[in-house]
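With these hints in hand, go ahead and build the complete structure from the sequences.
Protein chains: 2
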Amino acid sequence: MESSEATRDRLLQAAGEEFACKGFECARIREICIRASANVAAVNYHFGDKEKLYIEAVLEAHRCGPGADEEAVDPMAGPDDQLRSFIRHFLGRVLAMQAPDDWRHRLMLREMLHPSSASDALIRESIRPRFDQLKAILRRFCPEAENRRLNALAFSVIGQCLHYKMARPIAERLIGTEGVEALDLDFLTDHIATFCLAALGVTPPFDAAGESVPEKSQSSAGS
Amino acid sequence: MESSEATRDRLLQAAGEEFACKGFECARIREICIRASANVAAVNYHFGDKEKLYIEAVLEAHRCGPGADEEAVDPMAGPDDQLRSFIRHFLGRVLAMQAPDDWRHRLMLREMLHPSSASDALIRESIRPRFDQLKAILRRFCPEAENRRLNALAFSVIGQCLHYKMARPIAERLIGTEGVEALDLDFLTDHIATFCLAALGVTPPFDAAGESVPEKSQSSAGS
DNA sequence: GGTGGATTAAAACGCCTGTTTGAAACAAGC
DNA sequence: GCTTGTTTCAAACAGGCGTTTTAATCCACC
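Residue numbers (our numbering), protein chains in the order written: chain A, 797 to 1019; chain B, 797 to 1019.
By construction, these hints were calculated from the structure, which means they are not laboratory data.
Errors might be hidden in some of the hints.
Chain copies aren't distinguished; within one or between two, either way the pair holds.
[Unchecked claim] Straight-line alpha carbon distances no greater than 20 Å define the calculated SDA-like cross-link-like pairs of lysine to any residue that follow: (1) Lys848 - Arg969; (2) Lys931 - Ser1008; (3) Lys931 - Thr973; (4) Lys931 - Thr990; (5) Lys931 - Glu852; (6) Lys931 - Phe983; (7) Lys931 - Arg964; (8) Lys931 - Glu977; (9) Lys931 - Asp870; (10) Lys931 - Ala1004; (11) Lys961 - Asp982; (12) Lys931 - Glu974; (13) Lys961 - Asp986.
The model shown is predicted, which means the values in this text are computed figures rather than measured ones.
Spelled out as structure tokens, the structure:
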């Protein structure tokens, strides 16, 4: 009875990795079973068919996904610190998706781009809470803004972060591998946070040197 | 001899549409041939195999793609007008990708996300010129900025625009179909342009109402 | 040791895929 | 009218796919 659960778990793990990097259509059941050291009939026995296995893999992915970093944003902090913190955690997850062991987030991202029947729970329990959290943070900057504006602001934040995951292959060809690697978590967090906070009038905008210097020391600058 | 070119063209068109909306792996040769009213053997006769057909379709897509809107950005205009113009045209193309007849841009986007052997010419002749154009515009705002900052700024602009294409399915589930439709070309162009220009210190930032009002009329505004 | 349900294993089943075949249809030159 | 080269067509091919079948194996319980 233990061993049955064991192969079921191994199948779930292998399926998650395979689905995450190849998608539902291109993932092969035989490959999943080889990874899991299981027989092809095992997926039918434990899950029924390929689609039910996929759904279980997505649910498993989002089961371990959320939670910890929900409280990463200090509710007592100021709105600018909250936004910075949100961007850092979101971007950290996005950049970490490159890691081969992080199939859960890659699978979730895949579900976001091509929602299937498995994405209802995903949206309800994982994506929407974060989206509402971001909107709540932005609401503190624009308490009187219409909802449409708040949606657009949220998408501006998310879009900038996700772009570094989506466009990585093309970015490497555009600015080179070393150019992409120069855009690490610390730099990008600061860049995007400053970009957004400047757009919201909290932080001074980028100057001619591409820096955002605090107001106080901007009285008389030579050169 | 004319009819041969005719079925070749029909195959190219049908293949473009099919590859654009299903990808290389999931597109079916038989479906392409049905669309093109051609026999399955025709693709082998005219192109050799599926991959060569795909490459030809990508090249065909980018052949008609670029050109006209390169000059859409007035070189004599101010940098803020140039950026606004760039965003409007880029966003216009992104949003127009939903249209079923615009398989060329969808196919190019697919190549951007998963570069194949067909994407060299695409990057060289279509993507890099636009990327350099955007960086040149941004350079006018930050003439002394390091290259890394300029890359990040460019990605901030592009990322915001592309997000509305990538995340449309999930956006519809988050804010509803009417919520997405409220984010039309005019609103988004103005939103993203204002967002970026405010971050660059050109335009006043979003205020509490989520608006970016010109400085002059911001002296005494009640409620 | 035998029994019965749960789990695994090998092989086969249709089905669909991209590709190829060999013949038919067509147009042009002489 | 025949040949020549090009283009189309229906049919078949080999291979991979998800799934199913059937038998073997395991393991707790009596």
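Quiz prompt | Hint check, failures only | solution = 1, 5
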